[in-house]
Amino acid sequence: MKYPLSALALSAFAAISSGVVLAQSPLKIGFMAELSGPQGALGQDQYDAFMLVVEQNGGKLGGVPVQVLREDSQLKPEVAVQIVDKLIEKEKVPIITGVTFSNVMMAVHKKITEKEVFLIGSNAGPSPIAGAACSPFYFSTSWENGQQAEVVGKYARDQKMAKVMTIAPNYQAGRDFVNGFRRWYTTPTIGELWPAVNQPDFSSEIAQIQAANPTAVFAFLPGGMGINFVKQWAQAGLKNKIVLMTASTTDGIGLPAMGDAALGVISGTFWGPDFKNAANQKFVKDFEAKYKRIPSQYAAQAYDSAQLLDGAIRAVKGDVSDKAAFRKALKSAPFKSVRGDFAFGSNHFPVQSFHAFKAVRDKQNRMTLETIDTPLVKVVDGYADKCPIKG
Amino acid sequence: MSATLVISQLLNGIQLGVLLFLMAAGLTLVFGIMNFVNLAHGSLYMMGAYIAAALVGQGVPFVWAGLGAMAGAALLGFVLERTALAKLYARDHLYQVLATFGLILFFNEVVRYFWGASAVYMDVPAALNGALTFMGINYPFYRFVIIAVGLGVALALYLIIHKTRLGMLIRAGASNADMVGVLGVNIKLLNSAVFALGAGLAGLAGFMAGPILSVQPGMGEPVLILTLVVIVTGGIGSIRGAFLGAIIIGVVDTLGRTFLPIIFSWFLEQSLAQAAGPAVASMLIYLLMAVVLALRPQGLFPVKHG
Numbered sequence: 001m002k003y004p005l006s007a008l009a010l011s012a013f014a015a016i017s018s019g020v021v022l023a024q025s026p027l028k029i030g031f032m033a034e035l036s037g038p039q040g041a042l043g044q045d046q047y048d049a050f051m052l053v054v055e056q057n058g059g060k061l062g063g064v065p066v067q068v069l070r071e072d073s074q075l076k077p078e079v080a081v082q083i084v085d086k087l088i089e090k091e092k093v094p095i096i097t098g099v100t101f102s103n104v105m106m107a108v109h110k111k112i113t114e115k116e117v118f119l120i121g122s123n124a125g126p127s128p129i130a131g132a133a134c135s136p137f138y139f140s141t142s143w144e145n146g147q148q149a150e151v152v153g154k155y156a157r158d159q160k161m162a163k164v165m166t167i168a169p170n171y172q173a174g175r176d177f178v179n180g181f182r183r184w185y186t187t188p189t190i191g192e193l194w195p196a197v198n199q200p201d202f203s204s205e206i207a208q209i210q211a212a213n214p215t216a217v218f219a220f221l222p223g224g225m226g227i228n229f230v231k232q233w234a235q236a237g238l239k240n241k242i243v244l245m246t247a248s249t250t251d252g253i254g255l256p257a258m259g260d261a262a263l264g265v266i267s268g269t270f271w272g273p274d275f276k277n278a279a280n281q282k283f284v285k286d287f288e289a290k291y292k293r294i295p296s297q298y299a300a301q302a303y304d305s306a307q308l309l310d311g312a313i314r315a316v317k318g319d320v321s322d323k324a325a326f327r328k329a330l331k332s333a334p335f336k337s338v339r340g341d342f343a344f345g346s347n348h349f350p351v352q353s354f355h356a357f358k359a360v361r362d363k364q365n366r367m368t369l370e371t372i373d374t375p376l377v378k379v380v381d382g383y384a385d386k387c388p389i390k391g
Numbered sequence: 001m002s003a004t005l006v007i008s009q010l011l012n013g014i015q016l017g018v019l020l021f022l023m024a025a026g027l028t029l030v031f032g033i034m035n036f037v038n039l040a041h042g043s044l045y046m047m048g049a050y051i052a053a054a055l056v057g058q059g060v061p062f063v064w065a066g067l068g069a070m071a072g073a074a075l076l077g078f079v080l081e082r083t084a085l086a087k088l089y090a091r092d093h094l095y096q097v098l099a100t101f102g103l104i105l106f107f108n109e110v111v112r113y114f115w116g117a118s119a120v121y122m123d124v125p126a127a128l129n130g131a132l133t134f135m136g137i138n139y140p141f142y143r144f145v146i147i148a149v150g151l152g153v154a155l156a157l158y159l160i161i162h163k164t165r166l167g168m169l170i171r172a173g174a175s176n177a178d179m180v181g182v183l184g185v186n187i188k189l190l191n192s193a194v195f196a197l198g199a200g201l202a203g204l205a206g207f208m209a210g211p212i213l214s215v216q217p218g219m220g221e222p223v224l225i226l227t228l229v230v231i232v233t234g235g236i237g238s239i240r241g242a243f244l245g246a247i248i249i250g251v252v253d254t255l256g257r258t259f260l261p262i263i264f265s266w267f268l269e270q271s272l273a274q275a276a277g278p279a280v281a282s283m284l285i286y287l288l289m290a291v292v293l294a295l296r297p298q299g300l301f302p303v304k305h306g
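Protein chains in written order, with this note's numbering: chain Y, 1 to 391; chain G, 1 to 306.
If you are wondering where the hints come from, they were derived from the structure by calculation, not from laboratory data.
Straight-line C-alpha distance at most 20 Å; calculated SDA-like pairs for lysine to any residue:
1. K241/Y <-> F134/G
2. K241/Y <-> I137/G
3. K28/Y <-> D319/Y
4. K241/Y <-> G130/G
5. K241/Y <-> L132/G
6. K239/Y <-> T133/G
7. K241/Y <-> G136/G
8. K163/Y <-> Q270/G
9. K290/Y <-> G116/G
10. K239/Y <-> A127/G
11. K239/Y <-> G136/G
12. K290/Y <-> F114/G
13. K290/Y <-> W115/G
14. K239/Y <-> A126/G
15. K76/Y <-> E109/G
16. K239/Y <-> L132/G
17. K239/Y <-> A131/G
18. K241/Y <-> N129/G
19. K292/Y <-> A54/G
20. K292/Y <-> Q58/G
21. K241/Y <-> N138/G
22. K76/Y <-> F101/G
23. K241/Y <-> A131/G
24. K239/Y <-> N129/G
25. K163/Y <-> Q274/G
26. K239/Y <-> G130/G
27. K76/Y <-> G102/G
28. K239/Y <-> L128/G
Label-pair restraints from in silico Cβ distances:
29. G130/G <-> A343/Y: 44 to 52 Å
30. K110/Y <-> A275/G: 25 to 33 Å
31. T371/Y <-> A131/G: 28 to 36 Å
Which stretches of chain G does chain Y cover? Using the computed rule of at least three CB atoms under 8 Å from a CB of chain Y, they are:
32. 113-119
33. 202-214
Even glycine gets a Cβ: it sits at the ideal position worked out from N, Cα and C.
Starting from the given sequences, assemble the full structure and let the hints guide the process.
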């Protein structure tokens, strides 16, 4: 009978001491992204970059110990909704970050922000949440979806491309990107190709492009589709004949798998690994040292989201329960972004420049992106004026 | 719509067809002989591509990497069949679908664990790179190689199945497996051999697709769906059906994608044709399969018994 008693005493002691620990328990942050399956690469880059900041700060953000709860939404909106329920109801997290795909974002955005939990999106930026459905509890460190196509359209216009064809998968995002491209490139295109989503072989489309013989092609083919297309494009001998311009296609994730096939392909987005500002040089150096690869734009977005949280949590001295104060701190963007200057617009999306890039080999013979132009300087996305947030 | 576009699209269709045939041959034999639904066939294709990419990355010559991918996939198929799948032959199809679907998830995570979530690099070797020009058509040389290898494998399979003892046993097994067993043939070993052969062909398909497609987790699933369409259309269990079905599906899919939007634009207004053309084109092979199932449920080229 002696043991049970002492065990009881021990557990009582444990209960008391855990109460003490509870008082200093870490700030819980939910990190949700697509982390498995074919789409897992983007989410992995987001997670790795986020954790890079946390680890460099000794497990703290803004001087406060944090516990990052890693959740894989598997590109399934219904799974994401369950995760959000768990994070908010059971774990009581005040902050959720990550979110890779737009359909997942649309499924959880309202649910999270209605509960007055802060959502720091570090990738997906579907237009409704930049416009009419925006929320004061949502902040983006990425872009509104259409912007990555708009910059390419502006570039094509600046370069006076005469005959342009477009190719994008036949679904909502594909149509959004082609429309985004056309917002700036107003010359009528000479042809549109709409392959099926996740179509592996583009020989049919490439033959049609050859037959039409345009000056340039604008392609939005994310993930594996882009790798397939760029390889097949080069094998068909079109690489030096027709200019290939892309959005979300020849990104840092796909380039290593494309290799020489991608050399010279033009793309557009908000950030490139060759940016010269100090914050970016530190980020690229640290990321490469830890993960042995060049960070992608998805890593840059998540790195900024962690730095944003670090700055904002520090500004409120670790107390995120005063939501108005924390929101104000986030809105002031108290951090050094890898893109240089950083400021939030009225809809809590960044007001930022967009650049054109060319795929090249770096000094170590790795595929990377080189900044060649800045077609859009300090732009607000096209939906901000529909967002009713004031201040 | 020029003649050169039609010819190059026909070549594209045949090239897709022979790739699908390599997949369909194994799947249809396993289904025809063991009455087993193997959804993990696409995973064997993926493993073939990964093994080949890894070998090429290590500096192994392209052809040897291909043989390695075939051997690796065949061995993997053999082990899978012996350890896990053979136990399910007697079970209902639902169990087989569940188990092999589980294997798809398993293999996707295995490659993600070892090679990472991003696609891995694999390109056409310099000797096979470039485009051939004939009759005003610019066609990638590597795709000709795929067509040649595919046709070669089809011929070899025809000879094996119709001219060798193994082929005779396979045909007998497809007709009546129990009777073949009673006659003293080691039917278990025959099953394993057939399974390994199919897996090896899937590995070969993955290897040859590696340079033109992205080698990444989950790359087997879209191909598996097309393969299932092929064997259902061609007639389950029949190599001839798999071959002709694969060519038909490949050509219909490719030509449909190119020419349906053009044909639609003849009698529909521009914006409607732009929307309807690609949508119908992506459904075309499934419509074809539905029509075949309605009119000839046994497929276009079923096995001839007796």
